[in-house]
Amino acid sequence: MNIRLATFFVSAILLAAFVAPSAIAADLSDVGFVDQAELANLPPFVAANRQLAAYKQALDQQFNSAIKGASTDADKQRVSMQFQQQYSDKQREIVGPLFQRANVAIGQVMATRNLSVVVDKRIVIFGGQDITKDVETLFMSNQAIQPPTATPGPSEIGYVDQTVLDGLPKVKAANDQMQQFASTERALYAPKLAAAKSDAERKQIYQDFNKALADKQEQLLNPLVEQTKNATAAAAQKRNVLLVVDRADVIYGGTDITADVQNELTK
Amino acid sequence: MSKMSSPSKRARVAAFTLAILAGCGPNVHSSSVRGAGYVRVDEVIKHHPLYSQLSQLDDAIAAIQLQAAAPHVPLSAAQIAQQTKELTREMQDAQARAQKIIAQKQQDYARREQQAVAAALAAAGVPGAGQYAAQQMSATSAQQAQSAAQAAGQDFVAYQQSVMASDNAAASAIARQLQTQAAEKYRAKAEQLQQSETDLSLRLTQQDAAQSLAIKTRMSNLALDEATRKQLEGQLAALDAKEQSQLSAQRKSDAATLAAYRTQLDNETNAALREQISSIQSQTAAKINERRNEVTAQLRNLGPPALPSDLSPGVKDKIAQIQKQFQGQFQADAQKTVDEFNATQADLNRQFAALHGADVGATGAAAKELDALQKRRDDLYKEIVDQIQREASRIAKDQGFSIVFSGVDAAAGGYDMTGEVTKDVESLHE
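In order, the protein sequences belong to chains P and W. Residues 1 to 267, numbered by my numbering, are exactly what the first sequence covers, in order. Residues 1 to 430, numbered by my numbering, are exactly what the second sequence covers, in order.
Rather than coming from a laboratory, the hints here were simulated on the basis of the structure. Hints may contain errors.
Partial list, computed: chain P residues near chain W (C-beta under 8 Å) [as the list claims (entries may be wrong)]:
hint, residue
1, 68
2, 189
3, 229
The calculated DSSO-like cross-link candidates involving lysine-lysine, where the alpha carbons are at most 30 Å apart (straight line), are [said to hold, decoys possible]:
hint, chain 1, residue 1, chain 2, residue 2
4, W, 375, P, 211
5, P, 121, W, 46
6, P, 56, W, 375
7, P, 203, W, 46
8, P, 203, W, 375
9, P, 203, W, 368
10, P, 68, W, 287
11, W, 46, P, 172
12, P, 90, W, 336
13, W, 375, P, 192
14, P, 197, W, 375
15, P, 68, W, 85
16, W, 382, P, 133
17, W, 336, P, 56
18, P, 121, W, 397
19, P, 229, W, 423
20, P, 216, W, 46
21, P, 203, W, 382
22, P, 56, W, 368
23, P, 56, W, 105
24, P, 133, W, 397
25, P, 211, W, 423
26, P, 56, W, 324
27, W, 368, P, 197
28, W, 46, P, 229
Beta carbons are placed, not taken as given, at the ideal position from N, Cα and C, and that holds for glycine.
Just chain P, with the same shape it has in the complex (with noise of 0.2 Å):
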């Protein structure tokens, strides 16, 4: 019984023994990220974004004089681009010089550690390397930071510009759409919010102003956020990417398959 027993055993390690290695790949080592929050406590960062705030006031000042003068619609929504326009060109004057050294400081030691793509923190639970340091000691220094002489190499970790799909018309079509119903809705429920009596009244009435907006959201929404999936995943695996993060979580490098999604979802 026990040289059975034995046998089973040894023939199940030696099982997993001989099935394991021809699987076994190197691990992904080449993944950076940048704690974006600690980089804006920088005193440049600070100093900079206490200008803006300082112009943003004046401005906000100047906006509600002119806005009042704006007697229609045309006219207001003229008036709010002009000022956001003038908004981020300060902005852009300001701080951009300062998101330029940044971003040049951290494509240099992305290339000194030999790193693919440098993501946000906020995006990372465990492993990768920080290099917010290296960024920061980089950045604060009074030399000046040349530019890598190399592209970051391919990347097993893809991007999506989400911003850009949401541009696609049946993706437009469909969100204005819903925020059409979410407002229509909103019309509606919230005079009879108002009037309730009571407390369980008012929970009903906000339960059943959920379950329009929810329903409509499954009908309108999901079925469009599970084709973007399906799409992206189509697409990361013909460019032999593991994982899509959006855009906005990629600070450097990466592989962009926005396009590819793109054209898998106007197939």
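The hints should help you fit chain W onto chain P, whose structure is shown.
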């Protein structure tokens, strides 16, 4: 047959062996995983024991926001005046509180700065430092500066109150005037429609007068048989019913016109009111700012007595450093009070705007409740996510992952750790 060879025992051994193999966890280093894992944190959150509390907070926040989206019933001039008065009083109280605190802090920092300067002069052995310190600390000069600052502050508050009072009086007068104008227009329209109805009634009566008279003349014939009389009565009633029907249709149409006109007038009145009040408020803000700048300039001249002119550069530097340090500390401290006041002011301004019909979302107590709920929600969410991340890290370490992500849009490889982390988070609270 031995015990081990029985089918049930063999099954148990097989299950045990499978369990050993399964216990090894995922093949983390396979070519499809490459040591990379991911956790769908939003999914795990739904299984966290505190998720029900998070949902309750989300619901409460959304309910307040939904309620704030309800249209507001236009208020009467008297209601606007009353509520404006209350808001103004709250604003004045907040200003007075903030100014009192800042004045107190200013005095406190100035006293500490003067003590530090006097100590620095004494330490540097400046001749007459004691006398200078006494002069710096002189109750008279401090009192004079304080009195001047207080007087300037009081003058500013009085000015502010008087400007705001005239703003409110003007706003109320305009509201009354606009509402009176609207009421007059409405009355004129109602009279016009009523006149039209009277004209129509007259016209219809005249139109049918000949026919009606002929019928009545025939009916006055005493020799008329019963059947003909009934027929004539019916004709007369039909004529009357026709007139009534036309008149009733006209009245219904006029009532609808009048109701639409009422809505139009209300909208016009509210728009005009908002515009006028907004213009008054801008002028008020400009006047108050101008006076504030004047007062600030006056107060700036109330500095401490001049330092002796023959101080060494080292002592001058030391004193400049002390002044800079205290000025910085005071500014940082005062900024907190200013920030608190600004938050109160912003909320009161929102209530002001809401009072005059602007769509500004939740205000007053609702806005405060919303802020408090949002903060509790954010804290709880962070607590939940932190715990999930801690558990995910521990599992990742145990299983030998090289990296684990939380925000993944899609995966063509890697290992989805969501199930393990969910079980772990659930078991922590069992």
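Hint-by-hint comparison with the structure:
1. 68: At 6 Å from the nearest chain W Cβ, residue 68 of chain P passes the 8 Å test, so the hint holds.
2. 189: Since the shortest Cβ distance to chain W is 6 Å, the answer is holds.
3. 229: 5 Å, holds
4. W:375 x P:211: 26 Å, holds
5. P:121 x W:46: With a Cα-Cα distance of about 23 Å, the restraint between residue 121 of chain P and residue 46 of chain W holds, given a limit of 30 Å.
6. P:56 x W:375: Holds, at about 26 Å.
7. P:203 x W:46: 21 Å, holds
8. P:203 x W:375: Judged against 30 Å, a Cα distance of about 22 Å means the pair holds.
9. P:203 x W:368: 21 Å, holds
10. P:68 x W:287: Distance of about 18 Å is within 30 Å: holds.
11. W:46 x P:172: With a Cα-Cα distance of about 29 Å, the restraint between residue 46 of chain W and residue 172 of chain P holds, given a limit of 30 Å.
12. P:90 x W:336: 27 Å, holds
13. W:375 x P:192: 27 Å, holds
14. P:197 x W:375: Answer holds: residue 197 of chain P to residue 375 of chain W is near 28 Å, not above 30 Å.
15. P:68 x W:85: It holds: about 24 Å lies between the C-alpha atoms, which stays within 30 Å.
16. W:382 x P:133: 25 Å, holds
17. W:336 x P:56: 20 Å, holds
18. P:121 x W:397: 18 Å, holds
19. P:229 x W:423: 25 Å, holds
20. P:216 x W:46: 21 Å, holds
21. P:203 x W:382: 27 Å, holds
22. P:56 x W:368: 25 Å, holds
23. P:56 x W:105: Holds: residue 56 of chain P and residue 105 of chain W sit about 28 Å apart, inside 30 Å.
24. P:133 x W:397: 23 Å, holds
25. P:211 x W:423: 29 Å, holds
26. P:56 x W:324: Cα-Cα ~27 Å, so holds.
27. W:368 x P:197: 22 Å, holds
28. W:46 x P:229: 21 Å, holds
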